[in-house]
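S.K.: Protein sequence lines correspond, in order, to chains A, B, C, D and E. For the first sequence, this note's numbering begins at 1 and goes up steadily by one. For the second sequence, this note's numbering begins at 1 and goes up steadily by one. For the third sequence, this note's numbering begins at 1 and goes up steadily by one. For the fourth sequence, this note's numbering begins at 1 and goes up steadily by one. For the fifth sequence, this note's numbering begins at 1 and goes up steadily by one.
Since the hints were derived computationally from the structure, they do not count as laboratory data. For each residue, glycine too, the CB sits at the ideal point set by N, CA and C. One thing to keep in mind: the hints can contain errors.
Across the chosen pairs, the derived CB separations fall in these ranges [to be verified]:
no.	chain 1	residue 1	chain 2	residue 2	range
1	C	L232	E	G200	41 to 47 Å
2	D	T13	E	T188	45 to 51 Å
3	D	A121	E	P39	20 to 26 Å
4	C	M70	E	V31	39 to 45 Å
5	C	M70	A	G106	46 to 52 Å
With the C-beta cut set under 8 Å, the calculated list includes, among others, these residues of chain B facing chain A [unchecked claim]:
no.	residue
6	P35
7	G37
8	T76
9	L78
10	T79
11	S117
12	A118
13	G119
14	E141
15	L146
16	G148
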Amino acid sequence: MLKVRDIAVERSGVPVLSGVSFDLAAGHALILRGPNGIGKTTLLRTLAGLQEPTNGTCEFPVDQAAYASHADGIKTALTVRENLSFWADVYGNTVPDVIWDWFDLGDLRDRFAGTLSAGQKRRVGLARLGVISRKVLFLDEPTVSLDGFSVKLFSSFMRDHHLAHGGVAVIATHIDLGLGEAQTLDLTPFAAQDDGPSDSDEAFL
Amino acid sequence: MLKVRDIAVERSGVPVLSGVSFDLAAGHALILRGPNGIGKTTLLRTLAGLQEPTNGTCEFPVDQAAYASHADGIKTALTVRENLSFWADVYGNTVPDVIWDWFDLGDLRDRFAGTLSAGQKRRVGLARLGVISRKVLFLDEPTVSLDGFSVKLFSSFMRDHHLAHGGVAVIATHIDLGLGEAQTLDLTPFAAQDDGPSDSDEAFL
Amino acid sequence: MSLWEYANPKKFMGWTGPVLPWAFGAAGVCLAVGLFWGFFLTPDDYRQGSTVKIIYLHVPSALMAINAWMMMLVASLIWLVRRHHVSALAAKAAAPVGITMTLIALMTGAIWGQPMWGTYWAWDPRLTSFLILFLFYLGYMALWAAIDDPDTAADLTSVLCIVGSVFALLSRYAVNFWNQGLHQGASLSLDKEENVSDVFFFPLLVCIAGFVLLFVALVLLRTRTEIRARRLRALQLREVRT
Amino acid sequence: MIALLLRDLRLATRAGGGFGLGLVFFLIVVVLVPFGVGPETAILSKIASGILWVAALLAALLSLDRIFALDFEDGALTLIATAPIPLEAVGLAKATAHWLTTGLPLTIAAPVLGVLLQLPANGYSFVALTLLLGTPALSMIGTFGAALTVGIRRGGLLLSLLVLPLYIPTLIFGAEAARRGTAGLDATTPLLMLAGITAGSIALLPFATAAVLRINLR
Amino acid sequence: MIALLLRDLRLATRAGGGFGLGLVFFLIVVVLVPFGVGPETAILSKIASGILWVAALLAALLSLDRIFALDFEDGALTLIATAPIPLEAVGLAKATAHWLTTGLPLTIAAPVLGVLLQLPANGYSFVALTLLLGTPALSMIGTFGAALTVGIRRGGLLLSLLVLPLYIPTLIFGAEAARRGTAGLDATTPLLMLAGITAGSIALLPFATAAVLRINLR
Ligand code: HEM
Ligand SMILES: Nc1ncnc2c1ncn2[C@@H]1O[C@H](COP(=O)(O)OP(=O)(O)OP(=O)(O)O)[C@@H](O)[C@H]1O
Ligand SMILES: Nc1ncnc2c1ncn2[C@@H]1O[C@H](COP(=O)(O)OP(=O)(O)OP(=O)(O)O)[C@@H](O)[C@H]1O
Ligand SMILES: [Mg+2]
Ligand SMILES: [Mg+2]
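Generate the whole structure from the sequences, applying the supplied hints.
M.R.: Okay, here's the thing in structure tokens:
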């Protein structure tokens with residue numbers, strides 16, 4: 001469902017990763033690992049279409065993809081429910097009632113998002129994924145600030161509601177998500193050569 | 001060195017925790033645990049003096065205390081070195097040369113902080129603690145976004161350079177820091193009574 | 001039992017409940033008498049014709065506009081020093097009443113200005129300082145509205161009210177210096193020489209009394225509403241936690 | 001697109017959302033000018049329509065940085081950009097929300113504030129008409145400018161700098177039409193030009209806005 | 001305190017830092033006014049000193065929200081508040097940095113821009129003098145306002161609303177002194193008042209600023 005071939009990415013003109021390839025069949029997740037600054041965020045942004053790869057190709061149903069970044073994009077002046085319905089509207093869905101249970105948000109439904117704790121906010125950010133129901137997810141450190149229980153909520157959402165229905169996911173994380181069967185890709189070996197100038201700098205060399 | 005007695009805290013007029021007491025002798029750390037939204041952040045803010053406790057007392061050498069929040073307070077338009085020297089100046093210190101090794105920042109010294117990855121930024125935020133050299137530290141999820149190696153850097157900084165020199169630290173975290181000997185305090189039992197209105201709402205009920 | 005006890009929200013609700021209808025009643029009677037007397041039982045002015053009768057709305061509202069701010073200043077100080085919630089809420093409650101008074105004074109003045117000075121507006125010092133007062137009210141209310149946490153809002157608006165008062169005084173002086181005006185000088189004073197003639201004066205006094213009473217009644221009413229809103233909030237917050 | 005528009009309007013009317021503050025700023029600029037210039041009626045009434053236009057422009061300008069920056073900072077913009085709405089529609093929705101919360105209230109308030117500046121009697125309708133025609137262009141151009149500066153933290157003043165030259169044609173024709181109208185002269189040509197600028201901006205700038213957003217989110 | 005001041009100055013001069021943008025805004029307002037008001041010399045030279053003051057005030061106003069909001073958003077303000085600098089000193093340092101990056105450049109630029117507005121010859125020194133005396137008050141009052149609204153996301157326009165009435169006395173005395181000076185009249189009283197306001201603000205407002213910051217960080 002997701003096919004990445006020999007992709008190379010750069011950040012602000014500095015090459016970051018190169019030669020990354022992987023395949024992901026429906027129902028599978030890929031965990032991106034690697035030390036800080038290796039380029040996980042950059043790779044995910046590229047897959048999500050926010051920046052162009054400098055080399056290589058990736059194939060997947062673009063209209064089925066969604067991206068979740070470090071930042072949650074939650075509006076502090078809207079309630080949790082309003083935040084989620086906005087995303088539902090944008091993606092032409094409605095907010096399914098089960099979402100409140102999936103992410104343990106029942107009690108927080110009508111709280112202003114600005115008054116949530118770090119982890120509660122993050123849960124709302126993740127609930128967005130359940131609302132938009134896209135098949136191809138690119139997630140950047142989704143479990144930051146979450147306690148152990150919430151991490152479990154997230155993994156069971158991924159396993160039972162996303163992957164089980166034929167979704168795929170590429171997830172950058174530093175912790176163990178408990179998605180036992182997921183493939184892992186350590187990006188360390190793909191770090192770009194220092195001497196490879198970027199496409200646009202190359203012209204001046 | 002740090003003595004907290006029967007402290008109660010609230011957030012925006014809602015009681016969050018009550019009856020929290022603990023003692024911390026020089027050279028010891030306390031790990032705060034508890035599910036998202038239990039009140040770790042609120043407790044740390046109270047200890048750091050940003051808000052008043054609604055009850056109870058805490059005693060520690062105030063002029064030796066420092067606080068590190070979820071957010072790093074790093075100026076993206078300054079270089080890493082400039083960021084750290086600012087904090088050194090504010091606390092009347094200079095930036096010790098060892099700091100670059102402690103937090104593996106040698107290569108990033110003259111990068112603008114805005115061009116760092118999430119984890120690199122966090123390392124700079126932590127390096128601030130080494131720069132200001134205060135004895136009593138209140139740390140809110142210091143290892144968010146850090147990879148395993150950086151978490152180890154942080155724990156050895158805490159153990160070998162902070163606690164070993166008679167410092168104390170109260171640390172809220174969801175992961176295992178590997179500070180083996182540290183006490184742990186789970187805040188779950190201290191959640192404030194549901195019917196205990198805050199001082200200022202009380203008058204209206 | 002100290003006087004402060006009456007400022008406890010529950011006590012306050014207790015004693016204001018019965019007082020409120022009387023306050024409104026008295027305000028109604030004074031206004032009815034004063035305005036009727038003023039509008040129908042006094043002669044037209046020899047220069048201004050019947051337009052002079054606007055004075056029965058204009059002067060009382062102008063006085064109350066200033067006094068409302070004074071009251072807010074006192075209430076803010078009490079909140080900062082003694083932290084009495086009712087005091088903060090009373091200041092909050094007085095602002096919309098005060099701004100309405102300011103607007104009435106401005107509008108009646110403008111309507112009066114057209115026949116008198118041939119223009120709705122002139123940058124006369126008195127008028128100008130009222131406009132500035134209006135801005136202060138607006139800022140004060142906007143700050144209340146912008147902050148969710150009621151205690152924080154009370155603290156911040158109190159500081160704003162105090163700092164604002166100093167600058168309002170300064171503006172009053174500045175404006176006087178800046179432009180010599182068209183507007184009447186003070187014509188209500190103990191010094192009889194300067195006063196308007198008695199025919200206008202007595203109904204005016206009754207109207208002023210009516211406005212004072214109306215102000216008190218409205219502020220009490222609104223303070224009660226604010227207290228209830230706070231109570232509701234407290235209950236909701238408790239709800240959220242259970 | 002409607003969802004986005006509704007959300008923006010809702011956000012604007014929430015606490016701290018800034019609805020009405022553009023209006024207040026307009027009011028305050030209009031009030032300040034006499035303090036600076038002095039209270040003489042003769043001078044004030046001559047400059048009234050021009051000052052109203054400049055003040056409306058500044059008020060519109062000041063609320064521009066809210067258009068995208070908030071969504072950018074909390075990450076919502078990235079998510080919106082990867083959502084199934086064309087970025088052109090996003091630009092248009094944002095501009096519409098800006099106009100509804102700023103341009104329209106300004107247009108309604110301008111005649112009232114004209115009193116303070118001693119605007120001559122027949123100026124009221126012209127000031128209102130020109131603002132009604134011109135403010136949509138201000139919102140659309142401003143949205144483009146906001147999209148240009150969205151990556152820059154607190155680009156507020158840079159934004160003003162970029163947008164103001166783009167505003168000048170609108171200002172010239174708008175203020176000229178208002179001035180001619182107030183003075184009882186024929187104002188057809190500037191009015192037509194004003195309408196043309198507005199129509200052109202709305203037709204073309206959403207595409208530029210989308211292009212620029214795409215680059216800034218890269 | 002010096003460390004904070006130096007940091008703020010350095011940040012201001014970095015990319016996107018906003019140094020000089022206040023100045024540019026000032027320039028642009030001054031340029032816009034003739035477009036709005038029309039080009040007649042007689043009118044322009046009468047309103048020149050007043051418009052310069054109003055424009056300077058607006059430029060100062062627009063850069064106010066940078067004073068605390070950036071530090072608040074990235075958490076630096078909380079850390080500074082728990083650092084061993086009294087908050088009063090923080091307020092003063094912030095106001096000083098604001099003045100050095102905005103008030104001072106404006107003062108220097110104003111006489112130059114006076115040319116565009118046909119300022120009469122003997123007005124230049126008075127405009128510069130009054131701005132030099134008055135802009136520190138604008139920075140200090142503005143810092144207080146910025147501290148007041150720091151908890152509110154993008155409180156920019158609310159900030160303007162709160163600060164503008166506080167600016168009025170400064171504006172009146174400043175503009176009046178400049179006008180009288182330009183017209184060759186005696187300007188001693190307004191100049192003294194202006195100096196008084198500046199001195200008073202600097203003496204007292206840091207305390208109010210600190211109080212308000214403490215509340216907002218709670
Ligand atoms: C928008 C315009 C106006 C405003 C804001 C305004 C404001 C005020 C204020 C604040 C007072 C109370 C003075 C005091 O007792 O301290 C007052 C009183 C008065 N005004 Fe006006 N005024 C306006 C227009 C006018 C006009 C057009 C007239 C008629 C010529 C007028 C006639 C009076 C008179 C006779 C008093 C009573 C004087 C006194 O008792 O002090 N006003 N006005
Ligand atoms: N805005 C930027 N401008 C320039 N360089 C950047 C920028 N953001 C990140 N970089 C650099 O690009 C490289 C890859 O960063 P990226 O954010 O992709 O890392 P990451 O693997 O996500 O790290 P982390 O685990 O810390 O989030 C790093 O060396 C980083 O310093
Ligand atoms: N700004 C705020 N206004 C009102 N309530 C808040 C605010 N911030 C947090 N809360 C509430 O206060 C309680 C305690 O929050 P706090 O941030 O202290 O939790 P935490 O233990 O740090 O959680 P996390 O692990 O998610 O960071 C939570 O129920 C939260 O919803
Ligand atoms: Mg990353
Ligand atoms: Mg927390």
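S.K.: With respect to the beta-carbon atoms only, verify the hint that M70/C and G106/A lie 46 to 52 Å apart.
M.R.: holds (49 Å)
S.K.: Do the numbers back the hint for G119/B, that is, is its least Cβ distance to chain A under 8 Å?
M.R.: holds (3 Å)
S.K.: Should the hint that A121/D and P39/E are 20 to 26 Å apart at their CB atoms be regarded as holding?
M.R.: holds (25 Å)
S.K.: Take the shortest C-beta to C-beta distance between E141/B and chain A; is it under 8 Å?
M.R.: holds (6 Å)
S.K.: Does the CB of L78/B sit less than 8 Å away from some CB of chain A?
M.R.: violated (17 Å)
S.K.: Is it true that T13/D and T188/E lie within 45 to 51 Å of each other by Cβ?
M.R.: With a Cβ separation near 50 Å, T13/D and T188/E satisfy 45 to 51 Å, so the hint holds.
S.K.: Determine whether the Cβ-Cβ distance between L232/C and G200/E falls within the hinted range of 41 to 47 Å.
M.R.: With Cβ atoms ~42 Å apart, the hint holds.
S.K.: Tell me if A118/B is really an interface residue toward chain A, meaning its C-beta lies closer than 8 Å to one of theirs.
M.R.: It holds, given that the least Cβ distance between A118/B and chain A is near 6 Å, below 8 Å.
S.K.: Do the numbers back the hint for S117/B, that is, is its least Cβ distance to chain A under 8 Å?
M.R.: Cβ of S117/B sits 4 Å from chain A, so the hint holds.
S.K.: Was the hint right that T76/B lines chain A, CB cutoff 8 Å?
M.R.: violated (13 Å)
S.K.: Are T79/B and chain A close enough, Cβ to Cβ, to be under 8 Å, as the hint says?
M.R.: violated (15 Å)
S.K.: Return the status of the interface hint for L146/B: holds when the least beta-carbon distance to chain A is below 8 Å, violated otherwise.
M.R.: With a minimum Cβ separation of about 7 Å from chain A (threshold 8 Å), the hint on L146/B holds.
Of the numbered hints stated above, those contradicted by the structure are hints 8, 9 and 10, listed in ascending order.
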